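**Q** Counting from 0, one number per residue, gives the positions in the sequence shown under numbering that gives the first Met the number 0.
Among the clues, some could well be false.
[As the list claims (entries may be wrong)] Quick list of in silico lysine to any residue cross-link-like pairs, SDA-like style, CA-CA up to 25 Å: (1) 27 with 129; (2) 466 with 521; (3) 121 with 204; (4) 204 with 174; (5) 4 with 153; (6) 157 with 263; (7) 466 with 578; (8) 129 with 222; (9) 2 with 531; (10) 531 with 479; (11) 300 with 320; (12) 257 with 508; (13) 466 with 585; (14) 472 with 498; (15) 466 with 426; (16) 95 with 121; (17) 130 with 186; (18) 466 with 523; (19) 108 with 167; (20) 521 with 9; (21) 95 with 154; (22) 263 with 153; (23) 263 with 312; (24) 178 with 219; (25) 12 with 415; (26) 26 with 88; (27) 531 with 508; (28) 129 with 214; (29) 121 with 179; (30) 178 with 160; (31) 591 with 508; (32) 205 with 112; (33) 4 with 320; (34) 521 with 435; (35) 531 with 577.
No lab work stands behind these hints, which were simulated from the structure alone.
Remember, predicted model here, so these are calculated numbers, not experimental data.
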Amino acid sequence: MSKLKMAKGRQVKVFDPELVRRREENKKYLLELENENLLLPYTLEAGLYKTSELPPGIHGGWESPVCELRGHFLGHWLSAAAMHYEATGNEMVKAKADEIVDILEKCQKENGGRWAASIPEKYFYWIGNKKRIWAPQYTVHKTFMGLLDMYELAGNEKALEIAVHFGEWFYDWSGRYTKEQFQGILDVETGGMLEIWVLLYRITKKGLFRELMDRYYRCDLFDGLLEGRDVLTNMHANTTIPEILGAAAAYEATGEEKWLDMVKAYWDMAVTRRGTYATGGQTCGEIWSPRMHLAYRLGDKNQEHCTVYNMMRLADFLFRCTGDAVYMDYWERNLYNGIMAQGYWRGSFTHGRKSVYPEEGLLTYFLPLRAGGQKAWSSRTQDFFCCHGSLVQANAAHNTGMYYTGENSLYVCQYFDSEYRGMIGNTAISAEQVINSLSGSEHLSSDSPGRQKITDATARQLFHPDKLVFDLKIRAERETEFSIRIRVPWWMQGTPVFLVDGKAVDLRAEKGSFAEIKRVWKQNTIHVEIPKGIHADYLPGRPDMAAFLDGPVVLAGLCGEERTLYVDPREPEQVLVSDNEREWAYWQNTYKTIGQDTGIRFVPLHQVGYEEYQIYFPLKGKNHDSPLEK
């Protein structure tokens, strides 16, 4: 069914310093959380916690023993651990995860051999009786997800056995209700339960899981999508996205076109016809905004992290089915301005003074987009709202979404120092991507002989680079003809350059597509230059308001209240020029306004920690008297 396959696991190595830092911070967080506390809701439910005292460092927030969602995070933790192991082979993470699975098996046995959850069975009978309860299926889905990821990505057979027996409980419970009654139960957030039944059916071929797929067909949502009705406006976004991911999994497992049709309809309704913020996000308070009217909902609760993560998963599925670059453009936008902007922030304080402000942040539930907004960073153990889970998953797999393979083709989708090793047809190949920062040198200092000299490379790049430059080194075990397809991004400004072994290649390279180079490869280098610069991104519903981006990166204006920019309406980007463009040996992606009564400094949104900022600026026309500085 899928025409393309994502390269992942140890097929892809990431060398980009920032992505590596985030992956290692994530590993540190996974390892520092004590198993006893991660498992506490499960061992309490199974009667295995045999002391009158709670463990030190007990988790709070949504993991509190009195919260109805307690235990949801452990499922995310297991998924993240499995993903990290698949990507890196880290045995310490795997050993910790395997031990957790062992204890979950003991819990299941104490619960009678099937129930393996962190919450009581009665919660499910309560929703059957229409008693109000906070999303038990959402909570249990996380446990299932973690177990199946441990089986598929980390090879833990015991995890599959637990999941199968747990699924048998659901088959019996859901069989108590008529179809009409169960549709009412599905109105209480189910998380990705449909996807779980699909995966269990694909793995085991057991008929009970195929029947559970049918029972979890949510008529209001799925039929509404197929009929073209707007079933999203003002609805909770991350209730439906996991259900649609289940539909995507069902298509891959069965090949039935109806599943693919409803996924495409969902994307069209959620993204294409609704519009997105410059960041790639679309929601306020976890709710889908009216189509092309996002302007009315700029606030403190825009862009939930879970929504970002799950929509990126959906973009991956649709890219694999269609090969359309629009989905990888979407991935890139959300990676920089969602995943990287909302998790594992670390400040850079090079002036030698201690800051009175925090120097790092773990996670923001939401990303404020109102003028003067501030990120609200969570604690490491006392919050555990849903996005803690998508945080550890997203940062466990920064090597995904980079490379895909198709029939006789390698797709290069993201631009980071990285390497792909795998097969094209019957030929083993590698593709190493090396980003040229155009800085010209390492830190030109007196720490070693000869480092004080001015190099030619340093002198060639006088000002902040206006292009992305990288080399793609292709190595094939034998001469083989295949295609390299390089994404030509939506933010490109001007004409790209493609050289193979120093010779120009004449090819079609339109924005929002893939440039194809088909030839016989052995040991070759593709040199790529993609021109970029500052560009305005207008707010859907408000053509007089715009955000500013540097390539795919949203820039945040550092100001505490709404400011208006006076610009030439024909060239609003000209209001920004480089500010402190170089520090030591590194280019800084920082900017400032010109031609304004009071200047504003702009920095990449993912670098903002504690500062008040503004993303969207009202624009008013004004003749520019100030010349550009360069």
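**Q** For each hint, tell me whether it holds in the structure or not.
**A** Against the structure, the hints:
1. Among the hinted pairs, residue 27 with residue 129 is inconsistent with the structure: their alpha-carbon atoms are about 42 Å apart, more than 25 Å.
2. At most 25 Å may separate the alpha-carbon atoms for a hinted pair to count; residue 466 and residue 521 exceed this at roughly 28 Å.
3. A C-alpha spacing of about 29 Å is found between residue 121 and residue 204, which places the hinted pair above 25 Å, so the restraint is violated.
4. With a C-alpha separation of about 19 Å, the suggested pair residue 204 and residue 174 falls inside the 25 Å cut-off, and the hint holds.
5. Of the supplied pair hints, the one linking residue 4 and residue 153 holds, its CA atoms being roughly 20 Å apart against a limit of 25 Å.
6. Between residue 157 and residue 263 the CA atoms are separated by roughly 36 Å; this puts the pair beyond 25 Å, and the hint is violated.
7. A threshold of 25 Å between alpha carbons decides the hint, and for residue 466 with residue 578 the separation of about 17 Å falls inside it, so the pair holds.
8. Taking the CA atoms of residue 129 and residue 222, the gap is near 24 Å; set against the 25 Å cutoff, the hint holds.
9. For the proposed pair residue 2 and residue 531, the alpha carbon gap of about 31 Å is over 25 Å, so the pair is violated.
10. The straight-line distance between the Cα atoms of residue 531 and residue 479 is roughly 33 Å, outside the 25 Å bound, and the hint therefore fails.
11. Taken as a hint, the residue 300 and residue 320 pair is broken in the structure, with Cα atoms around 32 Å apart against an allowance of 25 Å.
12. Among the hinted pairs, residue 257 with residue 508 is inconsistent with the structure: their alpha-carbon atoms are about 34 Å apart, more than 25 Å.
13. Distance check on the hinted pair: residue 466 and residue 585 sit about 15 Å apart at the alpha-carbon level, within 25 Å; holds.
14. Note on residue 472 and residue 498: the hinted pairing holds, with a Cα-Cα distance of about 12 Å set against a maximum of 25 Å.
15. For a cut-off of 25 Å, the pair hint linking residue 466 to residue 426 is broken: about 33 Å separates their Cα positions.
16. As the CA atoms of residue 95 and residue 121 are separated by approximately 31 Å, the hinted pair breaks the 25 Å bound.
17. A distance of roughly 13 Å separates the Cα atoms of residue 130 and residue 186; the hinted pair therefore holds under the 25 Å criterion.
18. The suggested pairing of residue 466 with residue 523 holds, with an alpha-carbon distance near 22 Å, which does not exceed 25 Å.
19. Taking the CA atoms of residue 108 and residue 167, the gap is about 14 Å. The hint holds against a cut of 25 Å.
20. Of the pairs offered as hints, the one joining residue 521 and residue 9 holds, with about 22 Å between alpha carbons and a cut-off of 25 Å not exceeded.
21. A distance of roughly 14 Å separates the Cα atoms of residue 95 and residue 154; the hinted pair therefore holds under the 25 Å criterion.
22. At roughly 31 Å between alpha-carbon atoms, residue 263 and residue 153 are farther apart than 25 Å, so this suggested pair is violated.
23. Taking the CA atoms of residue 263 and residue 312, the gap is near 14 Å; set against the 25 Å cutoff, the hint holds.
24. Restraint check: the Cα-Cα separation between residue 178 and residue 219 comes to about 13 Å, which is no more than 25 Å; the hinted pair holds.
25. The straight-line distance between the Cα atoms of residue 12 and residue 415 is roughly 10 Å, inside the 25 Å bound, and the hint therefore holds.
26. Under the criterion of a C-alpha separation no larger than 25 Å, the hint pairing residue 26 with residue 88 is consistent with the structure, at around 12 Å.
27. Taken as a hint, the residue 531 and residue 508 pair is honoured in the structure, with Cα atoms around 15 Å apart against an allowance of 25 Å.
28. For the suggested pair residue 129 and residue 214, the alpha carbons sit about 18 Å apart, so the restraint of at most 25 Å is met.
29. In summary, the hint linking residue 121 to residue 179 is supported, as the alpha carbons are separated by about 21 Å, within the 25 Å threshold.
30. Distance check on the hinted pair: residue 178 and residue 160 sit about 28 Å apart at the alpha-carbon level, beyond 25 Å; violated.
31. A C-alpha spacing of about 32 Å is found between residue 591 and residue 508, which places the hinted pair above 25 Å, so the restraint is violated.
32. For the given pair, residue 205 sits about 19 Å from residue 112 by alpha-carbon distance, which is consistent with the 25 Å threshold.
33. Only pairs whose Cα atoms come within 25 Å are accepted, and residue 4 paired with residue 320 is accepted, the gap being roughly 9 Å.
34. Restraint check for residue 521 and residue 435: the C-alpha separation of about 23 Å stays at or below 25 Å, so the hint holds.
35. For the proposed pair residue 531 and residue 577, the alpha carbon gap of about 14 Å is at most 25 Å, so the pair holds.
The structure shown violates the earlier hints numbered 1, 2, 3, 6, 9, 10, 11, 12, 15, 16, 22, 30, 31.
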